[in-house]
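Peer 1: Sequence:
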Amino acid sequence: MTRPLHLFLFHGLGADGDDLAPISDLITQRVTLTDHHWQIHRPDAPVSPVSLNGGLPMPSWFDLIADEGNIEADRDSLLGITADLQQQVQDTVGDDPYILGGFSQGGVLANRLMLTLPRPPLAAVMLSTWLPAPEQIEKPSDGRDPAVFIGHGEHDQLIPVRAAGRLNAFLQDCGLTNVTERHYPVEHGIIPDELNDIIDWLAQQVDTN
434 MTRPLHLFLF
444 HGLGADGDDL
454 APISDLITQR
464 VTLTDHHWQI
474 HRPDAPVSPV
484 SLNGGLPMPS
494 WFDLIADEGN
504 IEADRDSLLG
514 ITADLQQQVQ
524 DTVGDDPYIL
534 GGFSQGGVLA
544 NRLMLTLPRP
554 PLAAVMLSTW
564 LPAPEQIEKP
574 SDGRDPAVFI
584 GHGEHDQLIP
594 VRAAGRLNAF
604 LQDCGLTNVT
614 ERHYPVEHGI
624 IPDELNDIID
634 WLAQQVDTN
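Sequence positions in the sequence shown follow the numbering used here and run 434 to 642.
By construction, these hints were calculated from the structure, which means they are not laboratory data. What you are looking at is a predicted structure, and each value in this text was computed from that prediction instead of being measured. Don't be surprised by glycine CBs; every beta carbon is placed ideally from N, CA and C. It cannot be assumed that every hint is accurate.
Unchecked claim - Have a look at the derived ranges for each label pair, beta carbon to beta carbon:
#: 1; residue 1: P479; residue 2: E505; range: 11 to 21 Å
#: 2; residue 1: P490; residue 2: T461; range: 31 to 41 Å
#: 3; residue 1: I504; residue 2: D468; range: 33 to 43 Å
All chains, full assembly: derive it from the sequences and hints.
Peer 2: As structure tokens, then:
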């Protein structure tokens, strides 16, 4: 029996793991593995009050706060959920290979986990996301260099497309050399062309590794 290649996908605010099922379904259908088999994980965020939502509870990985027209992440809750997911991922994968992905809030977590887990992923996919509280992230010193795909909508009003460039620059400053950044004619969402690019890119990364 082949070993699993784990794929973790973290959803955005107000959604759940099933929101990203079309992505994981496409990946398992179109990215063929020879020495491994896909094992998919789409965890659900806890339901908690969200300040940006007037304090009403909804699925949210961390609290969001409106600050002078900008959306800021609550740093304490961001640290807490990152630590929780670090343990969850490590307990799940053991010494098996894994890939991280996320949309919006979930992309924030995929990035943090990629940079801070003791054993890095093969690759990470970050969609329509941003880089809150970068001062909390200790830049890795172990030479890790996973491949990264950053996708963002050119017309995104929630998280402007310039956030993709900032994330890319931060990753390069962390020593990552295989970062792909692409923009698409969409608002805060994912379109078929983006999905096709992710599939093609991911197939290359799996083949390389």
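Peer 1: Against this structure, judge whether each hint is valid.
Peer 2: Now for the hints, and whether the structure bears them out:
The hinted window of 11 to 21 Å between P479 and E505 holds, with their beta carbons roughly 20 Å apart. Distance hint check: the CB atoms of P490 and T461 are about 32 Å apart, consistent with the given range 31 to 41 Å. Distance hint check: the CB atoms of I504 and D468 are about 42 Å apart, consistent with the given range 33 to 43 Å.
Hint check: no violations occur; every hint is consistent with the structure.
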